[in-house]
Amino acid sequence: KQPIWVAPSRNIALTSVNRDAPATTGSKAVLPGHEYYPGKEEYSPVIGHREIVGHGEIPYYTDSFTVPCPAIRFREVDEALGKLREKEKGDWKLLSLEDKKTLYRASFNSTLEEVRAPSGDWKRCIGDNAILMALMFLGVSVIGFADPQYEPKTVTNEWVDAQTEYLIKRRVQPVDGIASWYDYENNKFKPTWSIFTTKETSKSVKTLSEKE
Amino acid sequence: MNKLRNIEISFVFHSAAAAGLRPYSETGPRPHTSLYPVVSEGTWLEKNNYAQFDGWELRQLINFVAADDGVPEPEIIIEVLKGCRNNNDYALATRFLEVVRLKGGNKMSETWPYIMQEIGPTMQELGISTLKEMGYEEPELWLENVDDM
Numbered sequence: 001k002q003p004i005w006v007a008p009s010r011n012i013a014l015t016s017v018n019r020d021a022p023a024t025t026g027s028k029a030v031l032p033g034h035e036y037y038p039g040k041e042e043y044s045p046v047i048g049h050r051e052i053v054g055h056g057e058i059p060y061y062t063d064s065f066t067v068p069c070p071a072i073r074f075r076e077v078d079e080a081l082g083k084l085r086e087k088e089k090g091d092w093k094l095l096s097l098e099d100k101k102t103l104y105r106a107s108f109n110s111t112l113e114e115v116r117a118p119s120g121d122w123k124r125c126i127g128d129n130a131i132l133m134a135l136m137f138l139g140v141s142v143i144g145f146a147d148p149q150y151e152p153k154t155v156t157n158e159w160v161d162a163q164t165e166y167l168i169k170r171r172v173q174p175v176d177g178i179a180s181w182y183d184y185e186n187n188k189f190k191p192t193w194s195i196f197t198t199k200e201t202s203k204s205v206k207t208l209s210e211k212e
Numbered sequence: 213m214n215k216l217r218n219i220e221i222s223f224v225f226h227s228a229a230a231a232g233l234r235p236y237s238e239t240g241p242r243p244h245t246s247l248y249p250v251v252s253e254g255t256w257l258e259k260n261n262y263a264q265f266d267g268w269e270l271r272q273l274i275n276f277v278a279a280d281d282g283v284p285e286p287e288i289i290i291e292v293l294k295g296c297r298n299n300n301d302y303a304l305a306t307r308f309l310e311v312v313r314l315k316g317g318n319k320m321s322e323t324w325p326y327i328m329q330e331i332g333p334t335m336q337e338l339g340i341s342t343l344k345e346m347g348y349e350e351p352e353l354w355l356e357n358v359d360d361m
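Chains as they are written, first to last, in our numbering: chain A, 1 to 212; chain B, 213 to 361.
Derived by calculation from the structure, the hints in this document are not laboratory data.
Certain hints may be false.
Here are the computed lysine to aspartate or glutamate pairs in the DMTMM-like style, where the Cα-Cα straight-line distance is at most 25 Å [stated by the list, open to error]: (1) Lys169(A) x Asp147(A); (2) Lys101(A) x Glu86(A); (3) Lys319(B) x Glu114(A); (4) Lys123(A) x Asp359(B).
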């Protein structure tokens with residue numbers, strides 16, 4: 001059944017192509033399933049030798065749920081596909097499942113379920129962010145604490161010792177805090193305090209208790 | 213069953229080259245007017261002989277079905293499948309069935325078995341295998357999304 005000839009009304013996308021590139025003709029061998037159709041020669045630089053089957057001024061192929069039937073088929077015709085097309089003209093019960101799948105993939109790139117399928121991109125986003133945060137923490141810990149210029153003065157042992165001396169003198173937090181851990185009769189910290197000490201601070205704590 | 217009748221929300225005029233402007237009531241919901249001669253009497257299914265449509269017209273019809281706010285009735289589906297058979301296009305038939313299935317949306321589990329029940333005999337006649345046999349109810353291949361490249 002010959003298709004109705006519908007000449008393209010405006011060659012919007014083709015003007016520059018036709019001027020710059022040499023003129024190309026359609027495929028020379030006419031395979032079954034690849035007979036003459038309107039627009040075959042005009043659009044061949046744009047879409048290749050793929051068959052135009054639907055409406056669409058510039059016949060691009062798209063996969064979407066809103067436009068399920070695009071203007072062109074997806075694949076070009078080989079010899080094997082030509083034979084399949086001849087088989088398709090007969091009884092469809094004789095087609096095997098593989099034949100049906102190849103026919104589908106020849107017309108369409110992906111199924112609509114594949115269009116809806118999630119891409120899993122959120123994993124990449126979170127992973128990239130985690131890597132960047134790790135690099136940031138690495139930089140802060142290495143650079144921030146290496147140079148004594150970037151060290152806050154409240155972290156030094158001198159400051160902390162003076163701070164603890166002041167707090168103990170003022171008897172702050174007598175119930176649950178530092179003053180409750182200090183034995184004012186014997187002027188030394190109670191044994192529970194040793195859980196929170198390191199080697200260095202334990203030295204300063206000893207000197208403090210000796211001072212008092 | 214009138215459960216799945218298309219919702220005729222408004223009067224829509226649709227221009228066609230051969231037949232001129234025609235309202236909803238003559239052609240049916242989301243009227244698709246054909247360049248081919250149209251029977252003037254009878255039900256709107258007989259008026260719009262979808263089974264004799266060309267490949268171009270069928271694809272336009274399926275795009276309309278995808279854009280329309282409803283699931284097509286089994287009678288329409290049968291006519292479109294017959295049209296695919298007349299045009300010797302098997303891939304289009306499966307694509308149309310996918311569209312019909314996904315138009316159900318959240319109610320896919322209720323609409324799709326009913327439709328399969330209604331069109332099962334014609335599908336066996338024409339030799340179209342169901343989407344489950346093809347394996348197209350789940351995604352088959354993985355394709356990288358262009359936005360993620």
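Against the structure, the hints come out as follows:
1. Between Lys169(A) and Asp147(A), the direct Cα distance comes to roughly 33 Å. Violation of the 25 Å bound is thereby established for this hinted pair.
2. Restraint check: the Cα-Cα separation between Lys101(A) and Glu86(A) comes to about 16 Å, which is no more than 25 Å; the hinted pair holds.
3. Under the criterion of a C-alpha separation no larger than 25 Å, the hint pairing Lys319(B) with Glu114(A) is consistent with the structure, at around 19 Å.
4. A threshold of 25 Å between alpha carbons decides the hint, and for Lys123(A) with Asp359(B) the separation of about 15 Å falls inside it, so the pair holds.
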